[in-house]
Structure formats: structure tokens, C-alpha cells
Amino acid sequence: MASSAAANLWVLLGLGIAGVLLVVRRLRRPVRPDNGAFVARLDLLPPPQPPPPQARHPLTGLCFAIADA
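Heads up, the sequence shown is in full-length UniProt numbering, so the first residue is 1 and it goes up one at a time.
Treat the hints as calculated values from the structure; they're not laboratory data.
Here a beta-carbon is modelled for each residue, glycine too, at the ideal position from N, C-alpha and C.
Hints are not guaranteed to be accurate.
Ranges between beta-carbon positions, derived for each pair [what the hints assert, rightly or not]:
| no. | residue 1 | residue 2 | range |
| --- | --- | --- | --- |
| 1 | A37 | G14 | 25 to 35 Å |
| 2 | V31 | H57 | 55 to 65 Å |
| 3 | L15 | L42 | 37 to 47 Å |
| 4 | A40 | I17 | 34 to 44 Å |
| 5 | I17 | L42 | 42 to 52 Å |
| 6 | L15 | P48 | 52 to 62 Å |
| 7 | L27 | P47 | 35 to 45 Å |
| 8 | S3 | R25 | 26 to 36 Å |
| 9 | V23 | L45 | 37 to 47 Å |
| 10 | T60 | A37 | 51 to 61 Å |
| 11 | R25 | S4 | 26 to 36 Å |
| 12 | I17 | P48 | 51 to 61 Å |
Given these sequences and hints, build the entire structure.
Right, here's the structure in full:
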């Protein structure tokens, strides 16, 4: 009976150490932004800037008379 209890103790000790090693390895690994899922990244860009206002034509607002003759 004592040998089976010692064997059980060694098994539990080995499983505990293996569990600790797995947790430490998991915590050392950097977290990926997609959490390991197969996801196509979609980066949203800001809307394009509006075009600049058109310059006024230099002759607007002038009146021309054709009655010179």
C-alpha cells in the first residue's frame, strides 16, 4: 500500500510541475491582436479630404459694353 501511495504522489507531483510549465509558457507568449483566429485584417482609413475651393475667375463682376462704335 505504501508503494502505491508513493507512486500516486510522484504522478501528482509530475502533473503539477507540467501544469506550471504550461502556464508559464502560455504567459510568456505575446498576445496576438487576432487571438489566433484566421481573420483578414481590415484597416479603416479616414475619408478623403474635400477638394480645395476653386479660385474665382479674375473677370467675374466686370461689365463690358460693346457700344463703342
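Determine whether the Cβ-Cβ distance between R25 and S4 falls within the hinted range of 26 to 36 Å.
holds, 32 Å
Kindly confirm whether 51 to 61 Å is satisfied by the beta carbon distance between I17 and P48.
Once the Cβ atoms are compared, 58 Å apart, the range 51 to 61 Å for P48 and I17 holds.
State, for the Cβ atoms of I17 and L42, whether the hinted interval 42 to 52 Å holds or is violated.
holds, 43 Å
Note whether the CB distance of T60 and A37 lies within 51 to 61 Å or breaks it.
holds, 60 Å
Does 52 to 62 Å hold as the CB distance between L15 and P48, or does it fail?
Holds: the Cβ-Cβ distance is about 59 Å, inside 52 to 62 Å.
Evaluate the given range 37 to 47 Å for the C-beta pair formed by L15 and L42.
Since the Cβ atoms of L15 and L42 sit about 43 Å apart, the hinted range of 37 to 47 Å holds.
Has the hinted range 26 to 36 Å been met by the Cβ atoms of S3 and R25?
holds, 33 Å
Outcome of range test on Cβ distance (V31, H57; 55 to 65 Å)
At roughly 59 Å between Cβ atoms, H57 and V31 fall inside 55 to 65 Å, so the hint holds.
Per the hint of 25 to 35 Å, is the separation of the Cβ atoms of A37 and G14 within bounds?
Holds - the Cβ-Cβ distance for A37 and G14, about 33 Å, lies within 25 to 35 Å.
Within 35 to 45 Å: is that where the Cβ-Cβ distance between L27 and P47 falls?
holds, 41 Å
Could one say that the CB atoms of V23 and L45 fall in the range 37 to 47 Å?
holds, 40 Å
Assessment of proposed distance window 34 to 44 Å (beta carbons of A40, I17):
holds, 40 Å
Of the numbered hints listed earlier, not one is contradicted by the structure.
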